[in-house]
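K.L.:
The lines below spell out each chain.
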Amino acid sequence: MSIRERLSGNEAIAFAMKQINPDVVAAFPITPSTEIPQYFSQYVADGQVDTEFVPVESEHSAISACVGSQAAGARTMTATSSCGLALMHEILYVAASNRLPITIAAINRALSGPININADHSDTMGSRDSGWIQIYSENNQEAYDNFIQALKIAEHKDVQLPAMVCQDGFITSHAVENIELIEDAKVKEFVGEYNPECYLLNEKQPMSIGPYDTPSYYLEHKRQQAEGMKNAKRVALEVAKEFEKISGRKYGLFEAYKLEDAEAAIVIINSTAGTAKDAVDKLRNEGKKVGLLKIRLFRPFPAEEIAKALKHVKVLAAMDKTESFSSQGGPLGAEIKAALYHEKESPTVINYIYGLGGRDVRVEDIGSVYEDLYKILATGITGETYRYLSVRDQEGK
Amino acid sequence: MSNLTEIRWHGRGGQGAKTAALLLADVAFSTGMYVQGFPEYGPERMGAPITAYNRISGEKIRVHSNIYEPNYVVVVDESLLESVPVSKGLKKDGAIIINTAKTPEEIKNNYPDYDCRIYTIDAKEISESTLGKYFPNTPMLAAVVKVSKLMDEDRFLDEMKHSFEHKFAAKPNVIEGNMNALIMTLRRLDDDK
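Residue numbers (this note's numbering), protein chains in the order written: chain A, 1 to 397; chain B, 1001 to 1193.
Because the hints were derived from the structure by calculation, they are not lab data. Honestly, I wouldn't trust all of these hints.
Some but not every residue of chain B turned toward chain A, in silico, with C-beta under 8 Å [to be verified]: (1) 1022; (2) 1034; (3) 1036; (4) 1062.
Subject to a maximum C-alpha distance of 27 Å in a straight line, what follows is the list of computed BS3-like cross-link-like pairs (lysine-lysine) [claimed, not checked]: (5) B:1149 <-> B:1171; (6) A:241 <-> B:1060; (7) A:18 <-> A:241; (8) A:337 <-> A:311; (9) A:289 <-> B:1088; (10) B:1060 <-> A:245; (11) B:1091 <-> A:282; (12) A:250 <-> B:1060; (13) A:288 <-> B:1124; (14) B:1167 <-> A:18; (15) A:282 <-> B:1088; (16) B:1088 <-> B:1133; (17) B:1060 <-> A:282; (18) B:1092 <-> A:282; (19) A:258 <-> B:1149; (20) B:1060 <-> A:186.
Being a predicted model, the structure only gives us computed values, none of them experimental. A virtual CB, placed ideally from N, CA and C, is assigned to each residue, including glycine.
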């Protein structure tokens, strides 16, 4: 029997960490992820876990301590947000290239500046090319479920890469909502013991980690790393299948919502997907064929599967909760367009930037996106393909 | 989603409006409902106006935006009536619940544009007489339960007792005062009918 509870997204992650009981957690507090190490250190103090908790003096040190302990052979985790993740940036690449399956709970928050504490995806989108698996979560339930699964994907022998599990700061991290938790014993059995093939503290197999890599090998090592990331897609599905057995909840590479017969659709990430589902239902009631695709795995990006799910759609909006200053849209838009490029028939794609710095997104805002898409359908005029949603103009400020 | 109830709390930082919203989510959860309880975050300071929200429903809640057209508005600090458009978007068949010593008629005279039912409760007096201190959130929680009829009152009191016993395990003398604050609020609003 699952456990019916009500927890915030941060509480849900801390609870998952408690159930996993990792060997090491090293963390430095930053809003809005602070509660995760805060709650977890309470579990440590109360003896509910036997984790070594390392309170460090910066995020650069937090992830460096994670690299050290994971390399030593310990299952290691941390949590961070925004500028904290940015300060980790250098070491994220080191963790990935050393094939260390560390797990980060990333609580999405805008990067400075202007300084802002609220949700957007500029932080984790800035880490998208660091070699970390990225899994995004609509609500507390998905954050909890994804966190438990991420570990198992990351540690799989065909993957051996670090993973970050993302959710929207405050919007889900601080919202108390219903959640179904899995019993301790089932979670423990699901994640099992961490038994790395190679680790620093194995005296029978001396090794060095992270030495200088010459041009004669560097390329091959990167190729192998990319192969691990490629494998993560298959492994994520295998892990999801196993997870369904203990939770009853189904996960795929992404979620398709009322998409099969949709003529207008949006692709969206994290909490606004829930708001958008309400918009879809409202429009469906009016007889409009609308749907949505919610990203779960962003790294690796399941391009083929997404293209297959979207190619029949006539007009599509890719929703980016971050800027990339390419002057043609954001990172999700770029991935979606690249994924669809090889399809013979593919939708017209509009790339929206929305919700930056915690700007609230209402059902009506998403409704207006579908309206825009229907205008394109009706007139055949695409117009500007790089747009801002619900932004005030100079006169309207 | 006709059974969805949306509540907006207006308070000042440090008064416990956020805690009250989370308590309401808690108690509604305990009676089997789907809940959301969340504050609006910004550069929060003691005394600054803050907003917190509840969605309570018999069905799963997916929307993750703030609340613009609430069924109920709870004003934890009377002084906000002057500075914050607390009744904005409030549904006509909804209600506003204000922590004040004034009567609903007096409020209606001062704010004739409040186009909904008005309830007032002197949370200060209730809190000081039952707890010896000014914690407005306990009476306001009881007031919103009373007015919204979100749950059976006895069930509410049972769940709250359970919750206080857990929360104040280290200082059991506070439990009775809090329970009395809830009961007194429910009765006061009975008398108003």
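K.L.:
State for each hint whether it applies.
P.N.:
Structure-based check of all given hints:
Of the supplied interface hints, the one on residue 1022 of chain B holds, with its beta-carbon coming within about 6 Å of a beta-carbon of chain A, less than 8 Å. A distance limit of 8 Å between C-beta atoms decides the matter here; for residue 1034 of chain B the minimum to chain A is near 5 Å, and the interface restraint holds. Among the interface hints, the one on residue 1036 of chain B holds; its C-beta lies about 5 Å from the nearest C-beta in chain A, closer than the 8 Å criterion. Taken as an interface hint, residue 1062 of chain B checks out: its beta carbon lies about 4 Å from the nearest beta carbon of chain A, inside 8 Å.
Distance hint between residue 1149 of chain B and residue 1171 of chain B is unfulfilled; the C-alpha atoms sit about 31 Å from each other, more than 27 Å. The suggested pairing of residue 241 of chain A with residue 1060 of chain B holds, with an alpha-carbon distance near 24 Å, which does not exceed 27 Å. Only pairs whose Cα atoms come within 27 Å are accepted, and residue 18 of chain A paired with residue 241 of chain A is accepted, the gap being roughly 23 Å. Pair hint residue 337 of chain A plus residue 311 of chain A holds up; C-alpha atoms about 11 Å apart against a cutoff of 27 Å.
Straight-line distance between C-alpha atoms of residue 289 of chain A and residue 1088 of chain B comes to about 34 Å, which puts the hinted pair past the 27 Å bound. Under the criterion of a C-alpha separation no larger than 27 Å, the hint pairing residue 1060 of chain B with residue 245 of chain A is consistent with the structure, at around 22 Å. The suggested pairing of residue 1091 of chain B with residue 282 of chain A holds, with an alpha-carbon distance near 20 Å, which does not exceed 27 Å. Restraint check: the Cα-Cα separation between residue 250 of chain A and residue 1060 of chain B comes to about 17 Å, which is no more than 27 Å; the hinted pair holds.
A C-alpha spacing of about 52 Å is found between residue 288 of chain A and residue 1124 of chain B, which places the hinted pair above 27 Å, so the restraint is violated. Of the pairs offered as hints, the one joining residue 1167 of chain B and residue 18 of chain A holds, with about 21 Å between alpha carbons and a cut-off of 27 Å not exceeded. Restraint check for residue 282 of chain A and residue 1088 of chain B: the C-alpha separation of about 24 Å stays at or below 27 Å, so the hint holds. The suggested pairing of residue 1088 of chain B with residue 1133 of chain B is violated, with an alpha-carbon distance near 31 Å, which exceeds 27 Å.
Taking the CA atoms of residue 1060 of chain B and residue 282 of chain A, the gap is near 16 Å; set against the 27 Å cutoff, the hint holds. Restraint check for residue 1092 of chain B and residue 282 of chain A: the C-alpha separation of about 22 Å stays at or below 27 Å, so the hint holds. Taking the CA atoms of residue 258 of chain A and residue 1149 of chain B, the gap is about 35 Å. The hint is violated against a cut of 27 Å. At most 27 Å may separate the alpha-carbon atoms for a hinted pair to count; residue 1060 of chain B and residue 186 of chain A meet this at roughly 25 Å.
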